[in-house]
Structure formats: C-alpha cells, structure tokens
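Undergrad: Residue numbers (the numbering used here), protein chains in the order written: chain A, 1 to 351; chain B, 1 to 292.
These aren't lab readings, by the way, just hints derived from the structure by calculation. Bear in mind the structure is a predicted one, so any value in this text is a computation, not a measurement. Heads up, the beta-carbon is just placed ideally off N, CA and C, and yes, glycines get one too. Please note that the accuracy of each hint is not assured.
Claimed, not checked - In silico EDC-like links for lysine to aspartate or glutamate, alpha-carbon gap of 16 Å or less:
1) 74(A) with 130(B)
2) 182(A) with 202(A)
3) 320(A) with 219(A)
4) 329(A) with 215(A)
5) 30(A) with 215(A)
6) 141(B) with 130(B)
7) 99(B) with 14(A)
8) 201(B) with 94(A)
9) 224(A) with 332(A)
10) 205(B) with 94(A)
11) 224(A) with 335(A)
12) 107(A) with 125(A)
Claimed, not checked - Partial list, derived from the structure: chain A residues whose beta carbon lies under 8 Å from chain B:
13) 50
14) 52
15) 68
16) 70
17) 72
18) 73
19) 79
20) 81
21) 85
22) 87
23) 89
24) 91
25) 98
Unchecked claim - Pulled from the structure, derived: some chain A residues nowhere near chain B, Cβ distances all over 10 Å:
26) 51
27) 71
28) 77
29) 83
30) 86
31) 106
32) 115
33) 137
34) 211
35) 224
36) 229
37) 232
38) 298
39) 331
40) 333
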Amino acid sequence: MASIEFVKVSKWFDRQPVIQNLDLTIEDGKFTVLVGPSGCGKTTLLRMIAGIDPQTSGSVLINGQDVTRIAPGKRGVAMVFQNYAIYPTMSVRENIEFGLVNNKVPKAERTRLVETIGETVGLNDYLDRRPSTLSGGQRQRVALARAMVKNPLVFLMDEPLSNLDAKLRVQMRIELIELHKKLGTTFVYVTHDQVEAMSMADTIVLMNQGVIQQEAPPEVVYRKPSNRFAAQFIGVPPMNIAPLGNDNTTFGFRPESVVVGTEPGSFHYTAKGEIITREMLGAETIYQVKTTEGQAFMVKCLEDEFHVDQEVYLGVPADKLFFFGADEKRVEEQDARYREFMERLRGLAHG
Amino acid sequence: MDKKRIWEGLRPYVLIAPAMAGIMLFVMYPVGYLIYLSLFKYNLMNKDKSKFVGWDNFTQILGRGDFYRALWNTTIYTAGVVVLTMLLSLLIAVWLNKKSRFNSVVQAGIFTPHVVSIVSISLVWLWLMEPNQGLLNYVFKLVGLPSSAWLQSSKTALISIIIVSVWQAIGYYTLIIVAALQSISPSIYEAAALDNASKFKVFYKITLPMISPQLFFILIIMTIGSFKVFDTVQVMTGGGPNNATTTLVYYIYGFRTTNIGYSAATGVVLMAIIGLLTFIYFRLLSKKVHYQ
Ligand SMILES: Nc1ncnc2c1ncn2[C@@H]1O[C@H](COP(=O)(O)OP(=O)(O)OP(=O)(O)O)[C@@H](O)[C@H]1O
Ligand SMILES: [Mg+2]
Chain A
1 MASIEFVKVS KWFDRQPVIQ NLDLTIEDGK FTVLVGPSGC GKTTLLRMIA
51 GIDPQTSGSV LINGQDVTRI APGKRGVAMV FQNYAIYPTM SVRENIEFGL
101 VNNKVPKAER TRLVETIGET VGLNDYLDRR PSTLSGGQRQ RVALARAMVK
151 NPLVFLMDEP LSNLDAKLRV QMRIELIELH KKLGTTFVYV THDQVEAMSM
201 ADTIVLMNQG VIQQEAPPEV VYRKPSNRFA AQFIGVPPMN IAPLGNDNTT
251 FGFRPESVVV GTEPGSFHYT AKGEIITREM LGAETIYQVK TTEGQAFMVK
301 CLEDEFHVDQ EVYLGVPADK LFFFGADEKR VEEQDARYRE FMERLRGLAH
351 G
Chain B
1 MDKKRIWEGL RPYVLIAPAM AGIMLFVMYP VGYLIYLSLF KYNLMNKDKS
51 KFVGWDNFTQ ILGRGDFYRA LWNTTIYTAG VVVLTMLLSL LIAVWLNKKS
101 RFNSVVQAGI FTPHVVSIVS ISLVWLWLME PNQGLLNYVF KLVGLPSSAW
151 LQSSKTALIS IIIVSVWQAI GYYTLIIVAA LQSISPSIYE AAALDNASKF
201 KVFYKITLPM ISPQLFFILI IMTIGSFKVF DTVQVMTGGG PNNATTTLVY
251 YIYGFRTTNI GYSAATGVVL MAIIGLLTFI YFRLLSKKVH YQ
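Sequences and hints are given; from them, build the entire structure.
TA: Here's what the structure looks like:
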C-alpha cells in the first residue's frame, strides 16, 4: 500500500505545457478516480506515476519517497493500459508471469500465483492461448491479471473499460470495486466517463486543461461542485446554468431538482416555458423547456405527463439553487454574496 | 438466359487470362524448356544434331569436382552474406529506430547503395581493393594492419566478394527492419518496463518475435538471391583466382556456348537446391515465426 504525492509537477510536450505546478495527494488504500474531458492530462498524470513518461519538473513521491530516479519496474506500481498492451507473442500464461520471471520469482511459486489469479479473473481455461484468439473482454482480463499478479503497491488503470460493451462494462465495474475491497491497495483509475467516476470512486479528482478543478468524494462533487465546470461535468444531463446579471455571475440548478407543473407553484425560482423536446428513457423522461426569457433548460421527471409544445411552469426550491460568481467559482451559502444573489434571482423570476 | 450463365462461369477465367498468359510465357515455358534442354546433348550450330541423353548430364554433374567446388563456394558465399547482412542490418536498424534528424540522414545514406547498379559498385570496389594502389590497403597500412591481396589471392577473394555484396544489401534490409520495428506499439515496451524487464530480455522476448516475419522473409529472399549470385563475380574476379570464386550461376554461364545441355542441367540442380532449402526453412522455422 502506498500514498502518492505530486509536488509542483509540470509536464511539457514539445515546448507546450500540459500540466503546470500541479499539487495532488492520493491517499493510501483509496479508490481515486481521475476524470476530465479528453486531452486534459489524465493519462499524462498516470504515466508520471508509473515513470514511463517522467515529469519535466517537480517531483512525484510514492510513500513519501521521491521516485524520480527509480525505474518504472522498481516503483511497485502496476498499470492496466487503455489498449491493454498485451504482449502478442506470448501466451496468456507467459503474459501474466512475465513480470514475475523478471523479478526472479521461483517457478513453483509463479505457477501457483498465475493459477490463483487466473481463477480470480476467470481465465484458467485460456492460459495457453495466444492473445490474438481472445475476445476484447478476455484480453482486458489478461491485462488486469498481469497487473494483479505482481501484488503492486499501486494499481494504475487507464480507461480499462472503454473498449467493452455496455453490459460487460457494468459487470467489470462491479468486479473492480470488489477487487479493490479485497486487495485494499491504492487504485488510481482514469476515465472520462462521469458515471464510472461517480459509481467507483472514493475520491474524484476532476481535471480540466491540466488543472485540478475539484478533489472530493463523489457526493460532494455532486452536491457542492466547486465551480461551474465541475457543476456541468458531473450529472446527466448537466446542470442548467443561466446568467444572473450582466456581470458574468450565474445561477444553476440540476435537471432532477426541477418541479414541473401546469400551474405556477410557490418556489424560490419559477419560470414559464414551453416544452421543445421530450426524451422518454423508460424510468425517467427528459424534457427540454424554453422559457419566455429565451433560456433553454433540461428537466428530468420521473413521470411522463407532458407533451411537446405544452406550456409548463418550472419551479426550483431555494436549497436546490447554485450560484457562481464572476470568477465561475461557486458561492457558498455562508458567503455574504449568497443572500444578494438569492434576492437578485427572485427579482429575475418575477420581473 | 443460358448465355448469361455461361458468361458468369467464364468471367473469372477471362479476367485472369492475360496474367496467366504472361506467367505461362515467361515463367512456365522457360522452366519447362530448361528441364527439356537438360536432357539433351544440345548442338547450338545444328539443332538436328542434338541428341537425347536422358540423365547423362545429371550423372556427369554429380561426378565432377568443379561442380562441387562451385557448390561449396556458393554455400560459403550465401552463408556469409545472409548471416552478415542480417546481423548488421538488425544492429543498424535497432540503432536507427530512434527518430531523429540525424538518423533519417543516415537511413537515406545507407540506402543509397541499393539504387546504384551492382556493376558500378563492383567496379568501385575493384579499385578500392587493388592491392598496391587501392584505398583499403592504404588505410590498413596507415593504421598498422597487414595489407591483404583481396581479390587476387584465392584465400581472400571469396570473402572480398562477400564484403561487397553485404555492403550493397545492408541498406535495403535495414530499411525493412526499421519499418518492422516502428510498427511495434510503444505501449508494449512501456508494459515491459513496468514488468521490470532488462534491455536484453525485451529484445529477445519482445522485439525479435515481433519482427520475426520480416526476418524470415529476409532470410528466404536473401538465401535465394545469394545462391544465384553472378554479376559481382563476373565483374570482379571472373570466377578466379583458381576457381576460388566460381559460384553456381557463374559455373552455368561458363558452359553457355560449349555445352548448353549441361548448363541447363546445372540450372535444374540449382533450382532444386533452392527449392529444398526454402522447404527446410519453412519446416524448421515457420513455427517460430509470429504472425499477428
Ligand atoms: N507524446 C505527446 N506529445 C505531445 N503532446 C502530447 C503527448 N502526449 C500527450 N500530449 C498532449 O497532452 C495533453 C494531455 O494528454 P493526455 O493523453 O494526458 O490526455 P487524457 O486526459 O488522457 O485524454 P483522453 O481522455 O483522450 O485519453 C493533450 O493535449 C495531448 O495532446
Ligand atoms: Mg488518456
């Protein structure tokens, strides 16, 4: 087990900064998920931990020890690559035990380990097959087994489920959560899928353009997003955001917090609008509503009561409203501006 | 309706007919004619005086010392060229694999001999290897090495020809291997680094198997090509001194006017040897070659 720490880490590619002066601590034994849009530097961060593409400046610490000068194979980390990176010339067994052979683990011990791990991931019938004869899900298991068998201090996973079909993905997600519970090691998991992040993480590290936006447990990121980016990245559909004035301040509310009715209700924020689109998803229905002020809001309802072109009233309770200052940061309830913003919004709704 | 069906059936054959005609005319017919000739004591002046002699030419070949000499020379030449070229081009390719400006210049430079005619190359080396005025002996003398007779001694003539052939072939095969190396996904190497694999281990457990199809291809192409060597010998030594560099094709060439039936029979033997070698290669090695 191990904690990971980034201290003033920067990474440049061809004179282009990708990450600058990043500080981050990943706690020991936690399932940490790095999430963010494509190209924000998640893979770059992971590769710096593994040491296969070291930082330009700053230092990476594993268990308090600076590992800058330690070779990837000696850092006690195992990585599951996005494309699996299975050795195509070796059988499944050879793939799994390659790391053990290199670490001079005796043969009997190796065989035992490979078979135990093969059992865990359900690959024992395939140990003597070539990777090219395996399905995508099986290959992914080989990649996982290869990482697990080394009993690493840190597990690094780069979008390991992105190539799987939806059903297998959900199944593997649960298996990974269980695996983490069983092993208790530090997991660092990269994804750009916010559902994966929400369902698996102990801690979410949300990144955008090489900068950490928020670092918190999933429910905190959902309930108390630190800024507009975080508010709009987490949640499907994303949070509705609308201007609060001409000074770049905004307010927002989640599609699932809206109460829709044919009569105006008594909410802190109400708006009259017309339904433009309707998506019936089974358990829930998503409407797009265009207000008389010309704002388009997404609304999520459990009941499927309305139809397109119908006139409806939207209502949001006071405790479900979010406010963002001119700097796009969220304004906390304790903040002096909060009351002012609440008043401003009331004025907006009525006038 | 019926006409259409016949056309449907015929169409594929009609479409491949031009290519097949070419193959028949330029491959099948010459090979057939070669075998036909090998059974005759052929008279070039008067075709009617040609005599069918059956296996005579072949028994003659197998009973003659100079044939075995030529076969031996060819084998040594082939082994030398194949082993040296493969080792050197593999080494150079691994070295050139890192992408840099300097490396692409070297790559272009090393490929140049391939576009120059082998005759010109042979002539230049003939001059370089001249024992008294040649550059090679001059350089040898400068660095204090004993000078060599190169092409003029039966001891060193064959190795000299091997050097020229290797020098000419290296660039081309290096390029093939570099292309093979660059098709290997870098993430495999990263995974190996995380698996704590040594450089040597990575090379023989990952790199070599990954490029084995190309290496196998090079092995076969070069073996066949080297068994048929002719131009270098013709230009540089004419088979001498004292038959030290007479290779099979040059041997065949030697009988082109005096005994064409015997020439043809040797050609057939050469064909059989190459076929056999290729067969053995496939038998021994094809299991070790990793195809994606
Ligand atoms: N080898 C490289 N050379 C140059 N630029 C690179 C290199 N690798 C990554 N980058 C750049 O660094 C930035 C971050 O890349 P990174 O691969 O970390 O993104 P990511 O967050 O993993 O994205 P994704 O979700 O698409 O995998 C990108 O803008 C990318 O163009
Ligand atoms: Mg990535």
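Undergrad: Hint by hint, work out which the structure violates, then give me just those numbers in ascending order.
TA: The structure breaks hints 1, 12, 15, 16, 24, 26, 27, 28, 29 and 30; every other hint is satisfied.
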